[in-house]
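J.: Residues per chain are reported as follows:
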Amino acid sequence: MSIFDNIFHYIGQLYTDRLPYFPTNIRASLMIILFCVIAAIEIYIYILFKRIVKMREEKQIKYWKEHIGNVLANIIVYDETDNTAEIISHFYPRFKKIPLGNKIVNQIVVNEILLYRKNFTGKTAEVLSQLYRKLNLDKKTRKKIANRNWDIKIEGIREANEMEIVELASAIIKYTDDENALLRMEAQAAYIKLSAREPFHFLDRARERILDWHQVVLFEIITKNKKLTIPSFSKWLYSPNDTVVMLCLKLIEHFTQFDAEEELKRLLRHHNPKIVKKSVEIIGKLELANAESFMFEIYFDQSEEIKLEILNAFGRISSGQYADFLSSRIYSTDIKIKKEALYAIKRDPDNGKNKLREIYNQTTPENQALIKHVLDDRIKQE
Amino acid sequence: MSRILIAEDEVLMLKALEFKLKKDGYEVDMASDGRQAMEKVKANTYDLILTDIMMPFVGGMEILSFIKNDPLKKNTPVLLISAVGLENVVLEGFSLGADDFIYKPFNLNELSVRIKRYIKQNEFN
Numbered sequence: 082m083s084i085f086d087n088i089f090h091y092i093g094q095l096y097t098d099r100l101p102y103f104p105t106n107i108r109a110s111l112m113i114i115l116f117c118v119i120a121a122i123e124i125y126i127y128i129l130f131k132r133i134v135k136m137r138e139e140k141q142i143k144y145w146k147e148h149i150g151n152v153l154a155n156i157i158v159y160d161e162t163d164n165t166a167e168i169i170s171h172f173y174p175r176f177k178k179i180p181l182g183n184k185i186v187n188q189i190v191v192n193e194i195l196l197y198r199k200n201f202t203g204k205t206a207e208v209l210s211q212l213y214r215k216l217n218l219d220k221k222t223r224k225k226i227a228n229r230n231w232d233i234k235i236e237g238i239r240e241a242n243e244m245e246i247v248e249l250a251s252a253i254i255k256y257t258d259d260e261n262a263l264l265r266m267e268a269q270a271a272y273i274k275l276s277a278r279e280p281f282h283f284l285d286r287a288r289e290r291i292l293d294w295h296q297v298v299l300f301e302i303i304t305k306n307k308k309l310t311i312p313s314f315s316k317w318l319y320s321p322n323d324t325v326v327m328l329c330l331k332l333i334e335h336f337t338q339f340d341a342e343e344e345l346k347r348l349l350r351h352h353n354p355k356i357v358k359k360s361v362e363i364i365g366k367l368e369l370a371n372a373e374s375f376m377f378e379i380y381f382d383q384s385e386e387i388k389l390e391i392l393n394a395f396g397r398i399s400s401g402q403y404a405d406f407l408s409s410r411i412y413s414t415d416i417k418i419k420k421e422a423l424y425a426i427k428r429d430p431d432n433g434k435n436k437l438r439e440i441y442n443q444t445t446p447e448n449q450a451l452i453k454h455v456l457d458d459r460i461k462q463e
Numbered sequence: 012m013s014r015i016l017i018a019e020d021e022v023l024m025l026k027a028l029e030f031k032l033k034k035d036g037y038e039v040d041m042a043s044d045g046r047q048a049m050e051k052v053k054a055n056t057y058d059l060i061l062t063d064i065m066m067p068f069v070g071g072m073e074i075l076s077f078i079k080n081d082p083l084k085k086n087t088p089v090l091l092i093s094a095v096g097l098e099n100v101v102l103e104g105f106s107l108g109a110d111d112f113i114y115k116p117f118n119l120n121e122l123s124v125r126i127k128r129y130i131k132q133n134e135f136n
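Chains A and B are the protein sequences, given in the same order. Under the working numbering, think of the first position of the first sequence as 82, with each following residue one higher. Under the working numbering, think of the first position of the second sequence as 12, with each following residue one higher.
Don't take each hint at face value.
Derived Cβ-Cβ restraints for the label pairs, each shown as a range [what the hints assert, rightly or not]:
| id | chain 1 | residue 1 | chain 2 | residue 2 | range |
| --- | --- | --- | --- | --- | --- |
| 1 | A | 133 | B | 124 | 47 to 57 Å |
| 2 | A | 124 | B | 55 | 47 to 57 Å |
| 3 | B | 124 | A | 350 | 49 to 59 Å |
| 4 | B | 101 | A | 192 | 23 to 33 Å |
| 5 | A | 461 | B | 55 | 31 to 41 Å |
| 6 | B | 95 | A | 124 | 45 to 55 Å |
In case anyone wonders, no lab produced these hints; they're calculated from the structure. Ideal Cβ placement from N, Cα and C applies to all residues, glycine included.
Let the sequences and hints guide you as you build the complete structure.
T.: So, in structure tokens, the structure goes:
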């Protein structure tokens, strides 16, 4: 008898013949050991099975990636002059041989087409878009958008966005104000690109916050998309959603929309100081002289930050109407206010420097030092 | 037959560029990362090099810098492919001697025309 036979024989005896004669605690321990051994074996079998399945899947993915990559690479090398429909009909049978019903293969086709679509323009992009539809992948994208899970919805929205499936804009709009910030952001970015008629309609219904960094993303999308028709963003300055107002202010500034003047004046009394500050900044940049009196009215009720912005705006406009007000700021106890006011006076190209020299002769030594500083053209304003 | 090296870490892109340039009648050599590209550049002579800027191990800028500092290879046209159109990246590329910048997404046929032009120009020189 070998050593293993002896061990198995002993274990066998332990759990059959001898078990009833052990005390209860030993019997319980032996049963626990038996349970643990069986569980460990089961877990090992499960892991082995999973690994085999994963290996097969990886092999399958590798094969199909290469195959699909080759077919797609053939498609994209067509000339600009070739007929799109002919290219599609030539390659369609090859794609029909691919088992698109298989979830993994289907996703590979989608991913590879998206990757090419993202990297190429012209005929290639056109062919890929049409092929996507011809293979009914757009229907799968629609299903993904309607899925209950937010991550799958996002996947679908991204696909629609990349492939420019404009028909899906109506399905996407409802997610532009979703509670889930990630889904909301993805939907907004896609909607701008896909909605031909009203790409900014989502701003009308936006109740949820547009996060600061997403404002940057949307700003990039809007300002870089050459196909967009840019509306007057002033109509959204009435939005109860402060983040919508903020985004629109940035866009008004970028597109120098002078027609927003009345709304900008109104926003000077907005409850949100960030909006007030941004409005003042735009008034200054657009040099809206008619808004000066409104800025003057609110000046004394504002924080230092906004006061500085107002003084800066007065300087940019340089109408001369508020020169006395600016001069009087030199008696402020706040050094920043004094400096900003002096720079604002200096900005008047006709009389700025003379005005500063005039003040210089009538003011305190401390203010004189400050005026000297401001008048020195070698020193840049911070 | 003109010989072109394509250095691109995205396999699908590499394949697409290979197919296109082979169809245009070029002999194509490929590198799927910067280190491989650098080895190929050192060992061979090419009529044009098309390289992605962002690659593992060695970036496109380093490859460009190596080529333009090598007296025997400095006339080889180098076209940089980039998804980033940042001003400082473009300036750095041109200051190192890049012949052209191709921004993703790009038109394959336009790329083809540009390559043809640079190869002709190089032959003429």
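J.: Next, verify each hint and record whether it holds.
T.: Hints, verified against the model:
In this structure the hint that residue 133 of chain A and residue 124 of chain B lie 47 to 57 Å apart at CB holds, the actual value being about 50 Å. Between residue 124 of chain A and residue 55 of chain B the beta carbons are some 53 Å apart, a value that agrees with the proposed interval 47 to 57 Å. Here the CB-CB span from residue 124 of chain B to residue 350 of chain A is close to 58 Å, well matched to the stated 49 to 59 Å. Separated by about 30 Å at the C-beta atoms, residue 101 of chain B and residue 192 of chain A satisfy the suggested range of 23 to 33 Å.
Look at residue 461 of chain A against residue 55 of chain B: about 52 Å separates their beta carbons, and that is not inside 31 to 41 Å. As the Cβ distance of residue 95 of chain B to residue 124 of chain A is approximately 47 Å, the hint placing it in 45 to 55 Å holds.
When held up to the earlier numbered hints, the structure conflicts with hint 5 and nothing else.
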